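Student: The opening position of the sequence shown corresponds to residue 6 in the numbering used here, with each subsequent residue numbered one higher.
Treat the hints as calculated values from the structure; they're not laboratory data.
Please note that the accuracy of each hint is not assured.
What the hints assert, rightly or not - Computed Cβ-Cβ distance ranges for the label pairs, DEER-style:
no., residue 1, residue 2, range
1, THR109, LYS576, 29 to 37 Å
2, LYS666, VAL371, 24 to 32 Å
3, SER548, ARG319, 54 to 62 Å
4, GLY318, THR296, 37 to 45 Å
5, ALA126, GLU607, 48 to 56 Å
Unchecked claim - Computed list of lysine to aspartate or glutamate pairs in EDC-like fashion (alpha-carbon distance at most 20 Å, straight line):
no., residue 1, residue 2
6, LYS329, ASP632
7, LYS423, ASP145
8, LYS573, ASP560
9, LYS666, GLU677
10, LYS334, ASP354
11, LYS567, GLU607
12, LYS687, ASP638
13, LYS146, GLU113
14, LYS386, GLU408
15, LYS110, GLU63
16, LYS275, ASP46
17, LYS643, GLU596
18, LYS643, GLU677
19, LYS76, ASP138
20, LYS146, GLU114
21, LYS611, GLU596
22, LYS111, ASP145
23, LYS685, ASP632
24, LYS684, ASP613
25, LYS687, GLU629
26, LYS406, ASP145
27, LYS584, ASP554
28, LYS290, GLU168
Model, not experiment: these values are computed from the prediction.
Glycine included, C-beta positions come from ideal geometry on N, C-alpha and C.
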Amino acid sequence: MAPLPSFCTCGVADGPQLPPVVVRMYQPDPDAPALRSRVLDMFPSPEQLATMLFDVMEALGWRETYMLYNKRSEFYRSFEALLNESARRRFSLWSKEVPVAMTTKKDEEALNAALYDVSIAGREHVILVTTADVVGVILDKAADMLLLTSQSHWIVTSFDVRESQLQGARSSGAVLTLLRPFPETAPPWGRGSPDGPLTYRMRLALDSVKLVTSLSPDLGTDSRRSERKGSLYLAPREGGCQAEMTSYISEENLSGYSGNVSFDSCGKRKNMPVFVDEYLQGETKQVGIWTAEGMCTFRSEWQKPIDTHLLSGRHLRVFATLSKPFFMKKTAGKSAEVGSTPYHGFFVDMLEMLASRLNFTWDITVGSRRRSMIIEAAESKKYDLLLVAFSMRTGYTGSDKVEFSIPIRTRGYFLTMKKPNRHGGEGIFQFIGPFSAQVWFSFVAAAVGVSLVVAANGRLNPYEWARAAGRGEVSEDKADNLSLGNSLWSTFGAAVCQGQEFLPRSSAGRLLTGAWWFLVLVIVASYTANLAAFLSKTSADRSIRSLTDLAGQTDVPYGTYKGYTLVKFLKKSQEEPFKTIGRYLDKNSDEALLNKSRQAFERAAKGDFIFLSPATYEYEILNERCDMVILTDEYFFKYQAALPFPVGSPYRTEINLALMKMAQDGQMDALENRWFNMKKYKCYTGSTLDGVLGMEQLDGIFYYLMIGIGTSILVFAMEWVHFKFKKWCNKGRSSELAKEGGGV
6 MAPLPSFCTC
16 GVADGPQLPP
26 VVVRMYQPDP
36 DAPALRSRVL
46 DMFPSPEQLA
56 TMLFDVMEAL
66 GWRETYMLYN
76 KRSEFYRSFE
86 ALLNESARRR
96 FSLWSKEVPV
106 AMTTKKDEEA
116 LNAALYDVSI
126 AGREHVILVT
136 TADVVGVILD
146 KAADMLLLTS
156 QSHWIVTSFD
166 VRESQLQGAR
176 SSGAVLTLLR
186 PFPETAPPWG
196 RGSPDGPLTY
206 RMRLALDSVK
216 LVTSLSPDLG
226 TDSRRSERKG
236 SLYLAPREGG
246 CQAEMTSYIS
256 EENLSGYSGN
266 VSFDSCGKRK
276 NMPVFVDEYL
286 QGETKQVGIW
296 TAEGMCTFRS
306 EWQKPIDTHL
316 LSGRHLRVFA
326 TLSKPFFMKK
336 TAGKSAEVGS
346 TPYHGFFVDM
356 LEMLASRLNF
366 TWDITVGSRR
376 RSMIIEAAES
386 KKYDLLLVAF
396 SMRTGYTGSD
406 KVEFSIPIRT
416 RGYFLTMKKP
426 NRHGGEGIFQ
436 FIGPFSAQVW
446 FSFVAAAVGV
456 SLVVAANGRL
466 NPYEWARAAG
476 RGEVSEDKAD
486 NLSLGNSLWS
496 TFGAAVCQGQ
506 EFLPRSSAGR
516 LLTGAWWFLV
526 LVIVASYTAN
536 LAAFLSKTSA
546 DRSIRSLTDL
556 AGQTDVPYGT
566 YKGYTLVKFL
576 KKSQEEPFKT
586 IGRYLDKNSD
596 EALLNKSRQA
606 FERAAKGDFI
616 FLSPATYEYE
626 ILNERCDMVI
636 LTDEYFFKYQ
646 AALPFPVGSP
656 YRTEINLALM
666 KMAQDGQMDA
676 LENRWFNMKK
686 YKCYTGSTLD
696 GVLGMEQLDG
706 IFYYLMIGIG
716 TSILVFAMEW
726 VHFKFKKWCN
736 KGRSSELAKE
746 GGGV
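Based on the provided sequences and hints, a complete structural model is requested.
Tutor: As C-alpha cells, then:
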C-alpha cells in the first residue's frame with residue numbers, strides 16, 4: 006500500500022516510477038530484494054518477536070523449551086532471530102517442523118512423529134509456532150498422547166487463535182500462554198457480525214489504509230515539505246535509514262485496531278505492546294504485558310498449577326457389562342458385607358484405585374455385552390465412564406464413535422478343546438497305558454509259565470540242584486534253589502531288571518533262562534520308550550500348539566463364531582498359516598462357522614472340535630471348565646483393549662494420567678497378578694511343555710508302591726505270628742519229650 010505521486014507516469018516509455026512510500030504489513034523473506042522506496046513495516050520485526058518471546062519465557066522461569074513450527078507462521082520468518090537470541094541468552098532450544106495442514110495421512114504421520122519426539126524428550130515446556138488453523142488439531146493430538154497434563158505449559162504464538170481451538174487442553178490441567186499484540190477492542194461493525202472477530206492481518210490492513218490516507222499525495226514532488234502539516238518527502242536511498250521522519254508520524258501516533266502505530270527512523274514499528282494471556286480449564290485471563298523496550302511485566306505472580314483434579318468431588322455414572330474376570334457378580338457369601346458393592350473383578354478394583362486417587366464416587370449400571378449396546382451407551386452420553394474392555398483395532402465396528410483410554414490389556418485369540426482321554430485308562434492306572442491288556446496278560450502268563458518249567462526242570466533234571474544235593478555233590482540247603490516259589494521270584498527279578506537270585510546248573514535250564522532274559526530285554530525297552538511318548542505327548546492336546554500345527558493337520562475339525570473379526574482376517578490373508586485356515590473355514594463354512602459364540606464353545610466342550618476362541622473364555626476355561634484345555638501358549642491376532650469414553654468426555658485425559666501413574670507405581674501389575682495369574686486358577690495344571698511329566702501321569706506308580714508297602718507290613722505280621730506260634734509249638738513238644746524220657 007502506497008500513496009500515489011502527484012504526477013502520473015502511466016504510458017511513459019520509462020514505465021511507472023516506484024512509489025516513494027510503501028506500507029508493508031508482513032515481514033519479507035530474508036532473501037527477498039530490498040525495495041528502493043521508503044518502507045514502513047506495520048508488522049513487528051524478527052528481532053522484536055524473538056526478544057518478546059524470550060522475555061516472556063524468562064518471566065515464566067523457563068530455561069529450556071521445545072519449539073514446534075511450520076513455515077506458514079509469521080514467526081517462522083523470525084526463526085533465525087530466535088536461534089540467535091537463544092544462543093545469546095544461553096537458552097536450551099529444540100525444534101521440530103510440523104505440517105502446515107492436516108489434509109492427508111502423510112500429514113498426520115508427520116505430526117505424530119513430531120509429538121512422539123516431544124514425548125521421548127520429556128519436555129513440559131513447548132512453544133507452538135504455527136498458523137491458527139492447525140493449533141486445534143495439534144492440541145487435540147497432544148492431549149491424546151498425554152503431552153497436555155497438569156505439569157505441562159505451552160506457549161501459543163499465533164495471534165489469531167480462538168478459544169474454540171483450545172478445547173483439547175480444556176480438561177487436561179495444562180496451562181496455555183497466549184500472545185495478543187492488539188487491545189481487546191471490537192471492530193466498527195461489532196464482534197457479533199457474521200464475519201466473526203477481526204484477524205490480526207485484517208487489523209493491520211485497516212491500520213495501513215488509515216496510515217496511507219493520512220500521508221500527503223505530494224510525497225513524490227521535489228519540494229522538501231508540502232503545505233500540509235505532517236507530510237515530508239522521503240527520497241529513496243540506497244541502504245541505511247532515512248535521517249528524517251514525517252512530522253505526522255513523529256509527532257502524532259495513530260490509534261488503530263492493531264494498537265498504537267508509530268515508527269522509528271528506520272521505518273520499524275515501535276511502542277507496540279503485547280498482551281500475555283493465560284488459558285486454563287476453559288478460562289482466559291490477562292496476566293502480563295510486554296513492551297517494545299524489552300520489558301515483560303506480570304501483573305500477578307506466576308504459579309504452576311498443582312494436580313488440579315477435575316473429577317474431585319464428582320459423582321460418576323458408570324456403565325459396565327458382565328465379563329470374566331473384568332466385571333463379575335459376587336456370590337451370596339462374597340456380598341454379605343454391609344455396604345459392599347455386589348460386583349467384583351479387575352475393573353471394580355481399578356475403579357476403586359482411581360476413586361482414591363481422584364476423589365470421586367460412582368454408581369454402576371449393568372447393561373448388555375453386545376457391541377451395539379455399548380456404542381449406544383457411549384453416544385447417548387448418559388454415562389461418564391464405560392467399564393468395558395473395548396478393542397482399539399482400527400476399523401472395528403464402532404471404534405470411530407468413541408474415544409479411548411490408554412491400553413489396559415493385550416487381548417487376542419487362542420485354541421481350545423476338550424481334554425482328550427488317555428489310552429489304557431485314566432487316573433492311577435495310566436502307567437499301564439503303553440501296552441494293551443492283551444500284551445500285559447501275555448507277559449504275566451509267560452512269566453508264570455517260565456517259572457513252572459524252571460521249577461519242573463530243577464526237580465527232574467539230574468544235573469540240577471535237587472538231584473545233585475541228593476548225591477551229596479552240593480550241600481543240602483541248595484536243594485530247594487529252584488523250587489516253585491524261588492523260580493517265580495527269580496523270574497520276576499529278571500523281568501524288572503534286578504537280576505535272578507537262583508540260576509540253574511543244567512544246560513536246559515540255562516537255555517530257558519536266556520530265552521526269558523531276551524524277552525524281558527525287548528519288553529522293557531519297548532515299555533520304557535512307549536511310556537515316555539505316551540505320558541508326555543498325547544493326541545491333539547499336545548501335537549497342536551500353534552496355528553501352524555492346526556493348519557498342518559486334518560484329523561481334528563476346527564472352527565469359530567462367524568461374526569468374529571478374525572474370520573474376515575483369515576479369509577483375506579495371503580500369508581501362511583492364515584491362508585490355509587481361511588480356505589478351510591470358507592470351504593467348510595456350514596460346520597466350521599457357527600451362528601453363536603457360545604454354540605462354538607459348547608461344541609468344543611463336547612470333544613473332537615477345536616475352537617478358535619477369543620480371550621473372553623480364558624477365565625472360564627482355567628477356573629471353571631477343568632474338562633477343557635488351552636492349546637496355544639500365546640495369543641494370536643492380538644489387539645489392545647482400552648476403556649471407551651463418550652466423544653468429547655472431559656474426564657478422559659485425567660483418567661488416562663491416573664492410569665499411567667498407577668502403572669508406574671506398580672498397581673496395575675498387582676491387579677494383573679490378582680486377576681490374570683494362571684497359577685491361581687483352579688484348573689491350572691502346571692507346565693504344558695512336551696516331554697515334561699506331572700503327577701497326573703505318574704501318580705499310579707506311587708499308589709502301587711504304597712500298596713506294596715502295606716501288603717509287606719501285613720505279610721510281616723503274619724510271618725511274625727507264624728514264627729511265634731511255631732516256636733511255641735516246638736517248645737511244648739520238647740517239654741513232653743523231656744517228661745517221657747524222665748519217666749523211663
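Student: Compare the structure with each hint and give your call.
Tutor: Each hint, compared with the structure:
At roughly 30 Å, the beta-carbon separation of THR109 and LYS576 lies within the given 29 to 37 Å, and the hint holds. As the Cβ distance of LYS666 to VAL371 is approximately 28 Å, the hint placing it in 24 to 32 Å holds. The given range of 54 to 62 Å is respected by SER548 and ARG319, whose C-beta atoms sit roughly 56 Å from each other. In this structure, GLY318 and THR296 meet the distance hint of 37 to 45 Å, their C-beta atoms being roughly 42 Å apart.
Between ALA126 and GLU607 the C-beta distance comes to about 53 Å, which sits within the given range of 48 to 56 Å. A distance of roughly 18 Å separates the Cα atoms of LYS329 and ASP632; the hinted pair therefore holds under the 20 Å criterion. Annotation: proposed proximity of LYS423 to ASP145 is violated, straight-line Cα distance about 49 Å (limit 20 Å). Proposed proximity of LYS573 and ASP560 is contradicted: the alpha carbons are some 24 Å apart, above 20 Å.
Between LYS666 and GLU677, the direct Cα distance comes to roughly 15 Å. Compliance with the 20 Å bound is thereby established for this hinted pair. Taken as a hint, the LYS334 and ASP354 pair is honoured in the structure, with Cα atoms around 13 Å apart against an allowance of 20 Å. Taken as a hint, the LYS567 and GLU607 pair is honoured in the structure, with Cα atoms around 15 Å apart against an allowance of 20 Å. Restraint check: the Cα-Cα separation between LYS687 and ASP638 comes to about 18 Å, which is no more than 20 Å; the hinted pair holds.
About 10 Å separates the Cα atoms of LYS146 and GLU113, which keeps this hinted pair within 20 Å; it holds. Between LYS386 and GLU408, the direct Cα distance comes to roughly 12 Å. Compliance with the 20 Å bound is thereby established for this hinted pair. As the CA atoms of LYS110 and GLU63 are separated by approximately 37 Å, the hinted pair breaks the 20 Å bound. Distance restraint check for LYS275 and ASP46: the Cα-Cα separation of roughly 10 Å lies within the 20 Å cut-off, and the hinted pair is therefore satisfied.
Between LYS643 and GLU596, the direct Cα distance comes to roughly 25 Å. Violation of the 20 Å bound is thereby established for this hinted pair. For the proposed pair LYS643 and GLU677, the alpha carbon gap of about 18 Å is at most 20 Å, so the pair holds. Distance hint between LYS76 and ASP138 is fulfilled; the C-alpha atoms sit about 13 Å from each other, no more than 20 Å. A threshold of 20 Å between alpha carbons decides the hint, and for LYS146 with GLU114 the separation of about 11 Å falls inside it, so the pair holds.
Taking the CA atoms of LYS611 and GLU596, the gap is near 15 Å; set against the 20 Å cutoff, the hint holds. A hinted pair counts as satisfied when its Cα atoms are at most 20 Å apart, and LYS111 with ASP145 qualifies at roughly 18 Å. Pair hint LYS685 plus ASP632 holds up; C-alpha atoms about 17 Å apart against a cutoff of 20 Å. Distance restraint check for LYS684 and ASP613: the Cα-Cα separation of roughly 27 Å exceeds the 20 Å cut-off, and the hinted pair is therefore not satisfied.
With a CA separation close to 7 Å, the supplied pair LYS687 and GLU629 stays within the 20 Å bound. Simply put, LYS406 and ASP145 have alpha-carbon atoms about 16 Å apart, close enough for the 20 Å limit, and the pair holds. Restraint check for LYS584 and ASP554: satisfied, since their Cα atoms lie roughly 14 Å apart, inside the 20 Å limit. At roughly 12 Å between alpha-carbon atoms, LYS290 and GLU168 fall within 20 Å of each other, so this suggested pair holds.
Of the numbered hints given earlier, the model fails hints 7, 8, 15, 17 and 24; all others are met.
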